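Colleague: These are the residues of each chain, in order.
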Amino acid sequence: MSIILDKVNYVYSEKTAYEIHALKDVSLKINDGEFIGIIGHTGSGKSTLIQHLNGLVKASSGGIYYNGQDIDDDDYNRKELRSKVGLVFQYPEHQLFETTVFADVCFGPKNQGLSRKQSELKAFTALRSVRLPEDYWYRSPFELSGGQKRRAAIAGVLAMEPEVLVLDEPTAGLDPKGRDEILDLVAKLHKERRMTVILVSHSMEDVAKYVGRLIVMNRGSVMYDGTPAEVFAHYQELEEVGLAAPQVTYLMHELRGRGIPANGTATTLEEAKQSILQAFSEKR
Amino acid sequence: MLRDITIGQYYPADSVIHKLDPRTKLMATLVYILSLFLFRNVAGFAAVTLWLALVIWLSKVPFGYMVRGLKAVVIILLITVLFNLFLTPGETLVSFWKLRITEEGLKNAAFMAVRLIYLILGSSILTLTTTPNQLTDGLEKSLKPLNKIHVPVHEIAMMMSIALRFIPILIEETDKIMKAQLARGADFESGNLVKKAKEMVPLLVPLFISAFRRANDLALAMEARCYHGGEGRTKMKPLKYKHVDFLVYLAAAGYFMAVILLRRLW
Ligand SMILES: Nc1ncnc2c1ncn2[C@@H]1O[C@H](COP(=O)(O)OP(=O)(O)O)[C@@H](O)[C@H]1O
Ligand SMILES: [Mg+2]
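Protein chains in written order, with my numbering: chain U, 1 to 284; chain E, 285 to 550.
Derived by calculation from the structure, the hints in this document are not laboratory data. Keep in mind the model is a prediction, meaning the values are calculated, not measured. Backbone N, C-alpha and C define an ideal beta-carbon position, used for all residues, glycine too. Among these hints, one or two may not hold up.
Okay, the calculated beta carbon distance ranges per label pair [said to hold, decoys possible]:
no., chain 1, residue 1, chain 2, residue 2, range
1, E, Leu403, U, Gly146, 46 to 56 Å
2, E, Ala337, U, Lys84, 20 to 30 Å
3, E, Ala508, U, Lys84, 23 to 33 Å
4, U, Arg131, E, Lys480, 33 to 43 Å
5, E, Arg517, U, Asn77, 54 to 64 Å
6, U, Ser13, E, Ser474, 21 to 31 Å
7, E, Ile433, U, Lys79, 50 to 60 Å
8, U, His21, E, Lys480, 34 to 44 Å
For lysine to any residue, the following SDA-like pairs were computed, each having C-alpha atoms within a straight-line distance of at most 25 Å [said to hold, decoys possible]:
no., chain 1, residue 1, chain 2, residue 2
9, E, Lys355, U, Val11
10, U, Lys84, U, Asp70
11, E, Lys463, U, Glu163
12, E, Lys460, U, His41
Throw the hints in and build the complete structure from the sequences for me.
Modeller: Below is the structure:
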């Protein structure tokens, strides 16, 4: 069970004056149950990349395989693929349309051909798991706050019970509290349901804390692909392309530079704390 | 998918035509369209073709790009040609079944086809080489005299430029909403008419809401910058004729005269 991308290229507005080569020879293997972060500056091709995973855009060249089957095959059921690879877009305003949040979350399961009863059950479970308070379920989705709209949008995709959950910048425009809540929610889904999660973000701090694997996109190509510690070891190169490692990475390197044996690969606050405490106790 | 619509699209290039004043281009286009309906013999046709070829060459827009705009009118073109071909009375050339083709019919059909194709090519040169903003600026200034008879020229031009500005934004937005709903299993293609109309709801509701929100934001932003209509408003880049514009006016006048004179031949 995996998603494989083989030398995928994508060109927007091909053969016009506005041609943009958005993806260049992207090859990836995404395994079951992974929690992956995709980072890169704006315009690096993150959104374009994830829209290939459920067949919303067709690669200009290259192959995409879901569980070993080529999704570009004529007889491949792309509609079913879309309910297996759930994609939550950046702006919840682009998908909320029903009169109530609950009805909106039912939209996905209904499209899967489920009965009204079954759809409502799925919606109920999904809204519960995103922890949207029940008071909001029967209100218009347009009355919700930014964070609540995001939850409603995530529930709308979760209700289809996908095997893979892909989120495009789910924290953009949220305050720090709302951001942490959404990310904790996603981490919980990954842990409890063993779901494959792909999280797109442009904030290093966001992803470092949660993901097991980090993919760095730069101008349409994969620049680095590895654990956060491996990727952030290249913090100087990352800076050159306009990205930055988490602040603790800089702190740790600074400490090492001053002769303190701190762990240079620490990427989260917790790891950094451990390593600093250890370094000082050894010194004593 | 939706982005491939090319009507009225601007094609950026560095050419003499791109740099002309939009008023010059509007006037020249008008003269050109008039000339299309004035020529009636091969000499006139040659003059128009030469003029068009010269402008296309000067504009540096790839010819293939221009021809794409013709696809949209192939049907109309065919119908016009067929009607002219079969329904013009005159000297019969060939006849079969109940249809007959006359010499006049052949000539009319050929000229009509040429006129339509040239009309579209000519006017697409205007939109391909002029940004929507320039175009409305030029229109506003050319129509200024109508202000005297209380035509709200500035307001009309402002509405036009806002509408033009919003078209690509709304197309982009539609594309995104469509993708977001497709990701939830929506289906915009299958089914009968009623079902299809129903399927548009998840697309239209977010689109309308976003359009209203954008319009509201824009109104507020204009208000916040003290917009109060055209009265006493100056421009950051006022339109100004250059030498080349006068040359083009002269050339256009010369061309128009030539087309009229050529009518007298034969
Ligand atoms: N629908 C589109 N049409 C044309 N160009 C696009 C479209 N979407 C994105 N692009 C272009 O493709 C490139 C990659 O964009 P995107 O995948 O959205 O990047 P990211 O999500 O990393 O910000 C950018 O240069 C962007 O301008
Ligand atoms: Mg994006």
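Colleague: Check the structure against each numbered hint from earlier and tell me which ones fail, lowest number first.
Modeller: 2 and 3
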